[in-house]
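Protein chains: 2
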Amino acid sequence: MPISVLRLGHRLGRDARISTHCGLVARALGAREIIYTGERDQILLESVNETANRWGGPFSAKYEENWKHVVKKYRKRNFSIVHLTMYGMPVQKVIRRIRKKKNILVIIGGEKVPPQVYQEADFNIAVTGQPHSEVAALAIFLHEYFRGKELGKKFRGAKLKIKPQSRGKKVEGVD
Amino acid sequence: MPISVLRLGHRLGRDARISTHCGLVARALGAREIIYTGERDQILLESVNETANRWGGPFSAKYEENWKHVVKKYRKRNFSIVHLTMYGMPVQKVIRRIRKKKNILVIIGGEKVPPQVYQEADFNIAVTGQPHSEVAALAIFLHEYFRGKELGKKFRGAKLKIKPQSRGKKVEGVD
Chain A
1 MPISVLRLGH
11 RLGRDARIST
21 HCGLVARALG
31 AREIIYTGER
41 DQILLESVNE
51 TANRWGGPFS
61 AKYEENWKHV
71 VKKYRKRNFS
81 IVHLTMYGMP
91 VQKVIRRIRK
101 KKNILVIIGG
111 EKVPPQVYQE
121 ADFNIAVTGQ
131 PHSEVAALAI
141 FLHEYFRGKE
151 LGKKFRGAKL
161 KIKPQSRGKK
171 VEGVD
Chain B
1 MPISVLRLGH
11 RLGRDARIST
21 HCGLVARALG
31 AREIIYTGER
41 DQILLESVNE
51 TANRWGGPFS
61 AKYEENWKHV
71 VKKYRKRNFS
81 IVHLTMYGMP
91 VQKVIRRIRK
101 KKNILVIIGG
111 EKVPPQVYQE
121 ADFNIAVTGQ
131 PHSEVAALAI
141 FLHEYFRGKE
151 LGKKFRGAKL
161 KIKPQSRGKK
171 VEGVD
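Chains as they are written, first to last, in my numbering: chain A, 1 to 175; chain B, 1 to 175.
No lab work stands behind these hints: they were computed from the structure.
Check the hints yourself; a few may be wrong.
Heads up, the list lumps identical chains together, so a pair's fine if it works in one copy or across two of them.
[Claimed, not checked] In silico lysine to aspartate or glutamate, EDC-like type, Cα no more than 20 Å apart, as pairs:
1. K93 / E65
2. K76 / E65
3. K169 / D122
4. K102 / E33
5. K170 / E111
6. K153 / E33
Predicted, not measured: the structure shown is a model, and the values here were computed from it.
Modelling step: build the complete structure from the supplied sequences, incorporating the hints.
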C-alpha cells in the first residue's frame with residue numbers, strides 16, 4: 001500500500017520546521033515519500049532525506065514545481081487523491097472506504113490552498129473540523145489508515161535504532 | 001478526564017509555529033489546557049486563547065517559568081505525568097495502563113529536554129522510536145488515550161463552526 005504525501009506551497013524560512021515535521025511524520029508513520037511544492041528548499045530535502053538515510057526504510061523527499069502535474073501523474077498510476085482539510089468529511093466516517101484504496105496521494109495544505117485542490121481530490125477529509133495542524137492531521141490520518149500497525153513498523157537498513165526504555169535514552173548503532 | 005499538556009522550552013521566534021500547533025492540537029483533540037515554559041511569548045498565548053475563544057470549548061493556554069513547579073503542582077492534584085519521547089516505551093504497549101489514569105499531565109519537549117524530566121515522569125512513552133514531531137506525537141497520544149472519541153467532540157460556546165462538505169468550505173457563525 002504505497003502512500004505518498006504532497007505538501008503544498010512550502011515557503012522558505014517560514015515553513016522550514018513545519019514542512020520538516022510533515023516529512024518526518026510521513027516517513028515515521030508509514031508513507032513512502034513526500035513531495036513538496038512551493039518554493040524549492042534544498043536544505044529541507046536534504047534534512048528529511050538524511051534522516052531517512054540514517055534511520056532506515058525506503059523513503060524519499062522530493063520537490064515538484066506544480067501540484068497539478070503531481071496529481072495528474074499519480075492519478076494515472078491509479079492513486080486515489082485524499083486531501084486533508086478541516087472543511088472536509090469526518091475521517092472517522094470515511095476511513096473504511098479509503099482503506100480499500102491501495103495507492104493514496106495524501107495532500108496537505110500550506111497557508112493558502114487553491115480551490116481547485118478541493119475539486120481534484122477524490123476525498124476531502126477532516127481530522128476534526130477544528131483549526132489545528134497539518135502535521136497532526138497527517139499523523140492521525142496515517143494512524144487510522146494503517147489501523148495503528150504503523151507504530152510497530154520496521155525500518156530496514158537503519159544505521160541508528162532506539163532501544164525503548166522506561167527511563168533515559170538508548171540509541172544503538174546498527175552495522 | 002482532564003488532560004493538561006506541558007510544552008517545554010519554548011523559544012521566541014524559532015518555535016512560534018510549532019508551539020502554536022501544539023496548543024491547537026491539544027485543544028482540538030480533547031485536552032483542557034496547555035502550559036508553556038521557556039521564553040514567555042504573549043503573542044503565542046493570545047493566538048491560542050483567541051482560537052479557543054472563537055471555536056469554543058473550555059481550553060486555555062498559560063505560561064509558567066519553571067517546569068518543575070508545574071510537575072510538582074499537578075502531582076499534588078493527583079495527575080499522572082506522561083512524557084512523550086522517542087526513547088520511551090511504545091505507546092501501543094502501555095496505553096491500556098494509562099487509560100486507567102483519570103488526570104494526566106502530558107509533557108512534550110522542545111529542543112533540549114532536561115534529563116530530570118525522564119526521571120520525574122511516571123511514564124516515558126514513544127510514538128514510534130523514530131524521529132518525527134512533538135505535534136504528531138501529542139496528536140497520536142490523545143487519539144489513543146480517548147480511543148478516537150475525541151474526533152467527535154463538541155465545543156460549547158463556539159462562535160464559528162464548520163459544516164463538513166465533500167467539496168468546498170462552509171463555516172457557520174453561531175449565535
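Results of checking the hints against the structure:
1. Proximity of K93 to E65 under the C-alpha cut-off of 20 Å is found in neither arrangement, the shortest distances being 33 Å within a copy and 42 Å between copies.
2. Only within a single protomer do K76 and E65 lie at most 20 Å apart by alpha-carbon distance; the minimum there is 18 Å, versus 54 Å between protomers.
3. Taking CA atoms no more than 20 Å apart as the test, K169 paired with D122 passes between copies only; the shortest distance there is 15 Å, against 43 Å inside one copy.
4. Taking the shortest Cα distances, K102 and E33 sit within 20 Å of each other inside one copy (15 Å), while across copies they are farther apart (38 Å).
5. When the C-alpha separation of K170 and E111 is checked against a cutoff of 20 Å, the pair qualifies only between copies, where the shortest distance is 18 Å, while the shortest distance within a copy is 38 Å.
6. In this homomeric assembly, K153 and E33 come within 20 Å of each other (Cα to Cα) only inside a single copy, at 15 Å, whereas the closest approach across copies is 32 Å.
Checked against the numbered hints given earlier, the structure breaks only hint 1 and satisfies all the rest.
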